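Novice: Listed here are the chains, written in short residue letters.
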Amino acid sequence: MNFAATLGLALPIGIGLAAIGSGFGLGLMGRGAMEAMGRQPEVLPKIQVAMIIGFGFIEALTIYAFVTMFFLQGKIG
Amino acid sequence: MRPAGNGPDLMERSIRASFWMALALAAALLPARPAAALSLAAGELIMAANFLFLARLVKVFTERARGVRELPLLGWAAAKTAFVYGGAFALTRWPSLEYLPLLLGLSMPLLAMLLKSIMLALRTGPSPFPRRATQTAGALGPSAKLAAVLLLSGVAALAAPALARAGGEEAGGEHAAGVQHLPNWVVILNDYFPNNPVVHWMHQNEVLVFAWVAGIVFFLYSWFAMRGARRSVVPGPLQNSLEWMVESMESVTGGMLGRHNERYFPYIMAIFFYILTMNLLGIVPGFKSSTDTLDVTLALALITFLYVQWSGIRNLGPLGYIDHMAGSPRDIIGFAMLPIMIPVHLLGELAKPVSLSCRLFGNIFGEDTLVVVFVSATALCLKTSLLVLGAPPLMGITALFMLLQTLTSIVQALIFALLTSVYFYMMLPHEEHTPEGAEHAHAH
Numbered sequence: 002m003n004f005a006a007t008l009g010l011a012l013p014i015g016i017g018l019a020a021i022g023s024g025f026g027l028g029l030m031g032r033g034a035m036e037a038m039g040r041q042p043e044v045l046p047k048i049q050v051a052m053i054i055g056f057g058f059i060e061a062l063t064i065y066a067f068v069t070m071f072f073l074q075g076k077i078g
Numbered sequence: 063m064r065p066a067g068n069g070p071d072l073m074e075r076s077i078r079a080s081f082w083m084a085l086a087l088a089a090a091l092l093p094a095r096p097a098a099a100l101s102l103a104a105g106e107l108i109m110a111a112n113f114l115f116l117a118r119l120v121k122v123f124t125e126r127a128r129g130v131r132e133l134p135l136l137g138w139a140a141a142k143t144a145f146v147y148g149g150a151f152a153l154t155r156w157p158s159l160e161y162l163p164l165l166l167g168l169s170m171p172l173l174a175m176l177l178k179s180i181m182l183a184l185r186t187g188p189s190p191f192p193r194r195a196t197q198t199a200g201a202l203g204p205s206a207k208l209a210a211v212l213l214l215s216g217v218a219a220l221a222a223p224a225l226a227r228a229g230g231e232e233a234g235g236e237h238a239a240g241v242q243h244l245p246n247w248v249v250i251l252n253d254y255f256p257n258n259p260v261v262h263w264m265h266q267n268e269v270l271v272f273a274w275v276a277g278i279v280f281f282l283y284s285w286f287a288m289r290g291a292r293r294s295v296v297p298g299p300l301q302n303s304l305e306w307m308v309e310s311m312e313s314v315t316g317g318m319l320g321r322h323n324e325r326y327f328p329y330i331m332a333i334f335f336y337i338l339t340m341n342l343l344g345i346v347p348g349f350k351s352s353t354d355t356l357d358v359t360l361a362l363a364l365i366t367f368l369y370v371q372w373s374g375i376r377n378l379g380p381l382g383y384i385d386h387m388a389g390s391p392r393d394i395i396g397f398a399m400l401p402i403m404i405p406v407h408l409l410g411e412l413a414k415p416v417s418l419s420c421r422l423f424g425n426i427f428g429e430d431t432l433v434v435v436f437v438s439a440t441a442l443c444l445k446t447s448l449l450v451l452g453a454p455p456l457m458g459i460t461a462l463f464m465l466l467q468t469l470t471s472i473v474q475a476l477i478f479a480l481l482t483s484v485y486f487y488m489m490l491p492h493e494e495h496t497p498e499g500a501e502h503a504h505a506h
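These protein sequences, in sequence, are chains A and B.
Quick note: the first sequence, position 50, residue 51 per this note's numbering, numbers continuous.
Quick note: the second sequence, position 88, residue 150 per this note's numbering, numbers continuous.
Simulated from the structure, these hints should not be mistaken for laboratory data.
Nothing here was measured: the structure is a model prediction, and the numbers come from that model.
We put the CB at the ideal spot given by N, CA and C, even for glycine.
Nothing false has been slipped in among the hints.
Here are the simulated lysine to aspartate or glutamate pairs, DMTMM-like style, with alpha carbons at most 25 angstroms apart:
1) A:Lys47 <-> B:Glu305
2) B:Lys121 <-> B:Asp71
3) B:Lys414 <-> A:Glu60
4) A:Lys47 <-> B:Glu312
5) B:Lys142 <-> B:Glu160
6) A:Lys47 <-> A:Glu36
7) A:Lys47 <-> B:Glu324
8) B:Lys142 <-> B:Glu74
9) B:Lys414 <-> B:Glu312
10) A:Lys76 <-> B:Asp357
11) B:Lys142 <-> B:Glu125
12) B:Lys142 <-> B:Asp71
13) B:Lys414 <-> B:Asp385
14) A:Lys47 <-> A:Glu60
15) A:Lys47 <-> B:Glu309
16) B:Lys414 <-> B:Asp357
17) B:Lys178 <-> B:Glu74
Among the chain A residues that face chain B by a calculated CB cut under 10 angstroms, a handful are:
18) Val50
19) Gly57
20) Glu60
Computed footprint of chain A on chain B; a stretch qualifies when at least three of its residues, placed anywhere within it, have a C-beta under 8 angstroms from a C-beta of chain A:
21) 420–432
22) 474–482
Turn these sequences into a full structure, and let the hints steer you where they fit.
Specialist: Rendered as structure tokens:
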């Protein structure tokens, strides 16, 4: 197994793993935010802002994998 | 407000206007590239027929409730399918068909409708200018019409050599490497004027050009929006939209930054609007979002990073800044932890610009790539001509992804701005800026 084949196999799997992790994180975060919003609709804007910021942080992890994929994509040849 | 109804009237008028636009363009193209002119006219014809059939179908469909038979509905649907899709298929069988003019012709009624809707939204009426122009021409009599025809043919004569050369260029440069970006107007300009140094420079520095375009677009938007504020007390639609965005962002960042908000809000808002405009430019056909290169996003993130550090030094003092970086040690355990805390804080600070820039770049680049993939799939369907029936659903999917792209553009600009304010909040002294909140908590 040469370098290019290893890379070609590993990159999609890596992105998938990152996406699974981010998905779990987003799900937990969304669930918490939804429950809080349902319980206290009057603080909805504050929760929404915090939720969006948190989404940004969580989503960044998948994006890192994505960017890594693009940087290494050229080496697959 | 406006006495004339805008619904069906608008559509009929825009189709009529698109006919004139297509006719003028085809006339300009005819001397140099007759095949292109014919393709354009055919595309316009097919799309206009599509809209007319659709209008008829909707009319029959809505009248059906009042007891009209279903036969006309099926008949019109069959006629539409036969004419529009059959016409498209027949076109693809024509060997000297040119695809760029065909697509231009196909999008002409949509373009006219878009322009007219924008005019309506800006309250300038469906089409005051062409109407006034034709009225003037009618009053001036046949001499004005003759002048218009002469002007048109003059333009055609001027444009013909350039267009002919461009046609040759296109045929030569067909087999480029893998398509990475959709062509924008700078690329098209570069195709038409390959030896012009200014155009060449613009082609080399596309990202810069489109960043400037974004700045100019937002400048014009805010200028037009606030121009009315000096004249009348009642805000117009543009002013309302701008004020809504600014006020809602101000309430969010004000909740975080407190009394520092006045100093840092202009920066946060400027960066928000700049990124938002750059992101949204990517959706407009013929434009490109500058934020899909790491250079631009890294520059923005570095500016933010340096400004945050500077504001920390300024507000905490040099010693206070070092203390903040060391995790504010107050007891013996804190001082013992110093060798661990300082690298951790430094790394955390350095990760901020990296994460800011990579997040923005990755999201916008990913969305753009998605749209490029679907657009090239649609183009492939049109080009292979066997799968021409697959083109309309693919176009629909592309439009859906463009909706998603709009959402991502707004959310990413929002996240960048909110994270900037969070970083300011983490850097500024914490104790002083929530006295109201503390009093509030005590009162309860």
